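Engineer: Make the full structure from the sequences, and use the hints.
The residues making up each chain are set out below.
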Amino acid sequence: MQPAIQVKSLTKKYGDHTVVDDVSFEIEQGETFALLGPNGAGKSTTVETLEGYRKPTSGDVRVLGTDPLRGGLSWRSRIGVVAQSLGSETMLTTRELLSHAARVFPTPRSVDEVLEIVGLSEHAGKLTRKLSGGQKRRVDLALGIMGRPEVLFLDEPTTGLDPEVRRQIWDLIDDLSDQGTTVLLTTHYLDEAEQLARRAGVIIGGKLVTVDAVDRIGGADARVPVVRWQEGGRVHEERTEHPTSLVARLAEERGELARLEVIRPTLETIYLGMLREHGSHDMLQEATS
Amino acid sequence: MSTAANTAMHTVTPVTGLDRTLPPGHTLRVGIDRIRLELLEYVRRVDNMIFTFAFPIMLLLIFASAFGSADPVQTPEGEIDPAAMMLPAMLAAGVLLSGTQNLGIGVAIEKWDGTLRRFSAMPIPVASYFIGKFGQVLVTSIVQTAALLAVGIGVFGFELPQSGEQWGVFGWAYGLGLLCCSMLGLALAQLPRSVNSASAIVIPVVLLLQFISGIYLTITMLPEWLIQIANVFPVAWLAHAMRFAFMPDAARFAELNQEWDLGTALLMLAAWTVVGTAIALFTFRWVKRS
Chain A
1 MQPAIQVKSL TKKYGDHTVV DDVSFEIEQG ETFALLGPNG AGKSTTVETL
51 EGYRKPTSGD VRVLGTDPLR GGLSWRSRIG VVAQSLGSET MLTTRELLSH
101 AARVFPTPRS VDEVLEIVGL SEHAGKLTRK LSGGQKRRVD LALGIMGRPE
151 VLFLDEPTTG LDPEVRRQIW DLIDDLSDQG TTVLLTTHYL DEAEQLARRA
201 GVIIGGKLVT VDAVDRIGGA DARVPVVRWQ EGGRVHEERT EHPTSLVARL
251 AEERGELARL EVIRPTLETI YLGMLREHGS HDMLQEATS
Chain B
1 MSTAANTAMH TVTPVTGLDR TLPPGHTLRV GIDRIRLELL EYVRRVDNMI
51 FTFAFPIMLL LIFASAFGSA DPVQTPEGEI DPAAMMLPAM LAAGVLLSGT
101 QNLGIGVAIE KWDGTLRRFS AMPIPVASYF IGKFGQVLVT SIVQTAALLA
151 VGIGVFGFEL PQSGEQWGVF GWAYGLGLLC CSMLGLALAQ LPRSVNSASA
201 IVIPVVLLLQ FISGIYLTIT MLPEWLIQIA NVFPVAWLAH AMRFAFMPDA
251 ARFAELNQEW DLGTALLMLA AWTVVGTAIA LFTFRWVKRS
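Going line by line, the protein sequences match chains A and B. Okay, so the first sequence: first residue is 1 according to this note's numbering, each after it adds one. Okay, so the second sequence: first residue is 1 according to this note's numbering, each after it adds one.
It is worth saying that the hints were derived from the structure and are not from the lab. The model shown is predicted, which means the values in this text are computed figures rather than measured ones. Worth double-checking, as some hints may not be accurate.
[What the hints assert, rightly or not] Partial selection, computed: residues in chain A whose CB lies under 10 Å from chain B:
no., residue
1, 53
2, 75
3, 159
4, 163
[Unchecked claim] In silico lysine to aspartate or glutamate, DMTMM-like type, Cα no more than 20 Å apart, as pairs:
no., chain 1, residue 1, chain 2, residue 2
5, A, 126, B, 41
6, A, 136, B, 224
7, B, 288, A, 67
[Claimed, not checked] Some chain B residues well away from chain A (every beta-carbon gap over 12 Å; in silico):
no., residue
8, 62
9, 66
10, 112
11, 119
12, 154
13, 200
14, 208
15, 224
16, 233
17, 259
Even for Gly, the Cβ is constructed at its ideal location relative to N, Cα and C.
Structural biologist: Here's what the structure looks like:
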């Protein structure tokens, strides 16, 4: 089966500035793939290239076998775009926007069904510009899924939303995935990637640092537990597959250890390690804030 | 991945392998639905309703009342009521506002607030977008023109065109004028660089054109050099043709060279329609690629 999304050596430069640097990956049909990275890393540029809004400087991208720059209306009817807060000046209600979308797509979902899925049934008659930030985000999402897309692009779907709404959106994305929707998600939340995607790519400074199953990102070594303690005013760290025996041995040799910790690296620590290795200090600060 | 409850609630219908053929007449069908939405947005935008729709009607009420007590303009062929000149002036203003100002601001906002991008991500033909825009302009302009005529004739007792020739001129001046002003609006919409600057850039251009083109200030008040400058642009000619349609023939003594010049009016409106269309075609981007 042909992959839903193919990206080969994608490079995008603005003048001398390389925003996306030789990025390659593939996403299988029906797969949910997360593109992780700090702001300004090149995630959105990559996704916007796949949506047909940016012209690659070099490289080749295909979505459902089509070059997005040549994708016509029938190609558009097969993809869904959830970009960030578009059409913010509109004077229409959510129901009006969705009813129009239902007339535009050849295989639409029903307006009421979508309103219910995204939890906006009660607010359907309000002008979208009067909705809260989280509700507006759900309008974006509703418009993105209206046409039953085969490929759905989700650019930071839950940024700035409260935990409960995030959870609801995650459930919704899971349901879409069950229906065979291919989902490309960008996020800088690790828990989001862990929750939704089987595979993820980490993009830092325009470069795709790694692509792997979410539970393997960073390699097996990165997941080796760390034993940390303080001795003589210095922090000591030792990586070991057998932390229990190490702690037992240390206790025998040196007695009580100050500030003893056994750390099992989570995806978060692995990701932060990658940022430290590849990225600038600014990116790290942003990712941890 | 999904919870059992979710799976039970929604029957899983696969999204692949669906027949997604767009039905025949898709462009027109979507376009007609766009007219509906465009009209809803138009009436809900309060600033738009005041400064584009109601403005010429309010000004007709004010100016026609103010000029009502003014001395008649003396011509070799009789007197001309200066108040009556406000009806053709406001008809021309209405066409300019409904076309240029409305589309200039509206399209610029939709360009910068992401609306165009949202549309272009869906199977909306660009032709449908323009059917929606022109449909909205046509409907709102017809209502506005009817309201102006109703106020002019009903409230002030001004006259409708009196001859077939005057009706004919009103017909082409209105039709071609609206097309011309709409195209100039689309061209002008490319100037603002943000949502907030849309009105700030479009309104002064439109306002200035009205002042020099004998709309707010009647042509008898303007110095000849200013009229010559205004005559480079289409609005003065639109107003000229409207005066021909609504004023008695003696009003020609108040015109430049004291004569009607409908041939030039037609030519100028047509020429600016071509210019506006060309600029719009070259500058409008449905899918903006960077």
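Engineer: Can you name, in rising order, the numbers of the hints this structure does not satisfy?
Structural biologist: Going through the list in order, the structure violates hints 3, 4, 6, 10, 11 and respects the others.
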